[in-house]
Amino acid sequence: MGITSALYTGISGLAAQGEAMTVIGNNISNVNTTGFKSGRMLFSDVLSSTISGGSQVGRGVQIQGVENLFSQGSFESTQSSTDLAIQGDSFFMLQSPSGRFYSRAGAFHFDRDNILVNPEGMQVLGTGIIPATGQSNGVLGPINLTNFATTPPRLTSSVEMNFNLDSTATVPAAFNPANPVATSNFSTSLTVYDSQGNPHTATTYFRKTGANAWDTHTIIPDATTVNGVPGNQINGSLTFNAAGALTAQVPAAGAAQNIGFPGGVTTPQPITFDMGIGASTQYASASIINQQTQDGYYQGSLVKVTVDDKGFVSGTYSNGQLQKIAQVALASFTAPIGLSKVGGSLFEETLASGQPQISSASTPGVGKVLSNSLEQSNVDMASEFVKMITTQRAYSANSKTITTTDEMMQEVLNLKR
Numbered sequence: 003m004g005i006t007s008a009l010y011t012g013i014s015g016l017a018a019q020g021e022a023m024t025v026i027g028n029n030i031s032n033v034n035t036t037g038f039k040s041g042r043m044l045f046s047d048v049l050s051s052t053i054s055g056g057s058q059v060g061r062g063v064q065i066q067g068v069e070n071l072f073s074q075g076s077f078e079s080t081q082s083s084t085d086l087a088i089q090g091d092s093f094f095m096l097q098s099p100s101g102r103f104y105s106r107a108g109a110f111h112f113d114r115d116n117i118l119v120n121p122e123g124m125q126v127l128g129t130g131i132i133p134a135t136g137q138s139n140g141v142l143g144p145i146n147l148t149n150f151a152t153t154p155p156r157l158t159s160s161v162e163m164n165f166n167l168d169s170t171a172t173v174p175a176a177f178n179p180a181n182p183v184a185t186s187n188f189s190t191s192l193t194v195y196d197s198q199g200n201p202h203t204a205t206t207y208f209r210k211t212g213a214n215a216w217d218t219h220t221i222i223p224d225a226t227t228v229n230g231v232p233g234n235q236i237n238g239s240l241t242f243n244a245a246g247a248l249t250a251q252v253p254a255a256g257a258a259q260n261i262g263f264p265g266g267v268t269t270p271q272p273i274t275f276d277m278g279i280g281a282s283t284q285y286a287s288a289s290i291i292n293q294q295t296q297d298g299y300y301q302g303s304l305v306k307v308t309v310d311d312k313g314f315v316s317g318t319y320s321n322g323q324l325q326k327i328a329q330v331a332l333a334s335f336t337a338p339i340g341l342s343k344v345g346g347s348l349f350e351e352t353l354a355s356g357q358p359q360i361s362s363a364s365t366p367g368v369g370k371v372l373s374n375s376l377e378q379s380n381v382d383m384a385s386e387f388v389k390m391i392t393t394q395r396a397y398s399a400n401s402k403t404i405t406t407t408d409e410m411m412q413e414v415l416n417l418k419r
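Position one of the sequence shown corresponds to residue 3 (my numbering), numbered consecutively onward.
What the hints contain is simulated information worked out from the structure, not anything from laboratory work. On a predicted model such as this, the values are computed, not experimentally measured, just so you know. Certain hints may be false.
Said to hold, decoys possible - Here are the simulated lysine-lysine pairs, DSS-like style, with alpha carbons at most 30 angstroms apart:
no.	residue 1	residue 2
1	Lys370	Lys306
2	Lys370	Lys389
3	Lys343	Lys306
4	Lys343	Lys389
5	Lys402	Lys389
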């Protein structure tokens, strides 16, 4: 009975070490698999049998389990902005008709329906954005670009300038609206937009009227009325102090000028003109515009999608605008080691893993989302080869147990001769 048990002890070793080699081979075969998490074989002894005197004799080895290792893999830089990697312990959330899955493999792209998917067509889950705050609305769903193909125009409501006017300039001839270039010292132009995104050129002429005093005349040729009066010109004045700093402007920076535009657009259109009190100057150097901006724009088309480290998916439009579209959702588990592999670099939750805790990369402690990056396999080739050597030697040693036991049994059979 004892010799026969030794045979089965050796067989248990062969079976266990053979399965261990399968785990090692699986790790090595997935050394280039994006987001792959390696596994390790855990062994335990089989319940020992008790012999005379209360002693116990082992009955071999058994597989205790195959444990997934969730150490961070290194990152590979890519050319696609929708290739994502997670620096941290969370998982991307994916859904398909067969259920919800979790993955570290972030090779995503937008499909023909403008939905962010993985190579197998599973939809990447995220949350929508509150337009007023630019923050997540907490509603989980696919990341879809359909409603973000264009951005509507925005009418100009504010014009801001920062400039220097040459203090050594002489007073020109009286201002003539028919010939503003000859009757002004300096001018600048920019484009303003109406409610339908139509562009209108606004040119501001600066005319010195005396020491530390200038007049401004902003002409918008397309305008039909200004503050309810037919015309296209906004007149004003600037006052500088002895140090050359702008101290006052008329109209005041916060006083809206109601501009009438034709074509069925919003009219009148209130626009404020901020000439930069405290920033604009009058120094003895060439007149120059340091900065001028306006807050309107025409309708834009989506030209590029980017993802930041907080997982916000943003669209860049042809009119220069940047709009948040969604935020990539991340899931973490109390015991990720309990997740079940289902193939395709996917995991499913189990009772052992616990339920997912859904959050985003903007939540402290969750980690970062890296765009133009993919997480590589965490397989350590050197370690796997060492395990392969020790496993092979263990397999050979167990085979020796069987052959030696066979020789011992042969000796027993030879006793009758």
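Problem - Numbered hints the structure breaks, given as an ascending list - result: 2, 3
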